[in-house]
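J.: One-letter residues, chain by chain:
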Amino acid sequence: DAGITQSPRHKVTETGTPVTLRCHQTENHRYMYWYRQDPGHGLRLIHYSYGVKDTDKGEVSDGYSVSRSKTEDFLLTLESATSSQTSVYFCAISDPLRQQETQYFGPGTRLLVL
Amino acid sequence: AQTVTQSQPEMSVQEAETVTLSCTYDTSESNYYLFWYKQPPSRQMILVIRQEAYKQQNATENRFSVNFQKAAKSFSLKISDSQLGDTAMYFCAFIFYNNNDMRFGAGTRLTVKP
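Line by line, the protein sequences give chains G and P. The first sequence maps to residues 1 to 114 in our numbering. The second sequence maps to residues 1 to 114 in our numbering.
These are calculated hints, taken from the structure and not from any lab test. A portion of the hints provided could be inaccurate.
[What the hints assert, rightly or not] According to the in silico footprint, chain P covers these stretches of chain G (three or more CB under 8 Å from chain P):
1) 20-29
2) 36-46
3) 49-62
[Said to hold, decoys possible] Have a look at the derived ranges for each label pair, beta carbon to beta carbon:
4) P:16 with G:77: 42 to 52 Å
5) G:14 with P:81: 47 to 57 Å
6) G:59 with P:30: 16 to 26 Å
None of these values were measured; they are calculated from a predicted model. Think of the CB as a built atom: it goes at the ideal place given N, C-alpha and C, for glycine as much as any other residue.
Using the sequences plus the hints, can you model the full thing?
T.: This is the structure:
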């Protein structure tokens, strides 16, 4: 398994509160991604990073922000959580020197927004 | 934007038998990659198999093989000698060459029966 951890693994929060999810990798991969998984939709890309301080939006980026201050850490922030952001969130990594297009996933974080 | 369609929401197979999961995709590009990921009840996303679109030869990984029909934009997964541990959600995924936005199908839930 790729060395990817996510924290927390489960979180319950209330509408309007800020939430930060953390992804940590030990593989020194250049690219990191955040996806959300919802029934009937598979996984959808929220944001990705192609290097320290370099990020870009994905398909469903509204309501989310990200930051990457170190190669190994990629943070996803919900500034003001809404019930529509209840989902399972996956972090993934890839590297251009190791089949860039192949992504390896973390264990996921289940978020419930009440 | 490319789309990925998995037309079988659920399937079941007897242990030791063979099952085929279907996937079609829509793109006008010629350079891309296709993947099958497995998600067991643990929720971990596990890479099963990878196919480069420029390769005519179908990829195989032990009991897993694909039937890649580029003209028909079809990418099916065959699981031979099904095992109870193959019970999982299976996701078909697509990504363009030198791109970071992986698109997933909605998934097929496979149950292997003893």
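J.: Are the hints correct? Go through all of them and say.
T.: Verification of the supplied hints:
| no. | hint | result |
| --- | --- | --- |
| 1 | 20-29 | violated (count 0) |
| 2 | 36-46 | holds (count 6) |
| 3 | 49-62 | holds (count 4) |
| 4 | P:16 with G:77: 42 to 52 Å | holds, 48 Å |
| 5 | G:14 with P:81: 47 to 57 Å | holds, 49 Å |
| 6 | G:59 with P:30: 16 to 26 Å | holds, 22 Å |
Violated hints amount to a single one, hint 1; each of the other numbered hints is respected by the structure.
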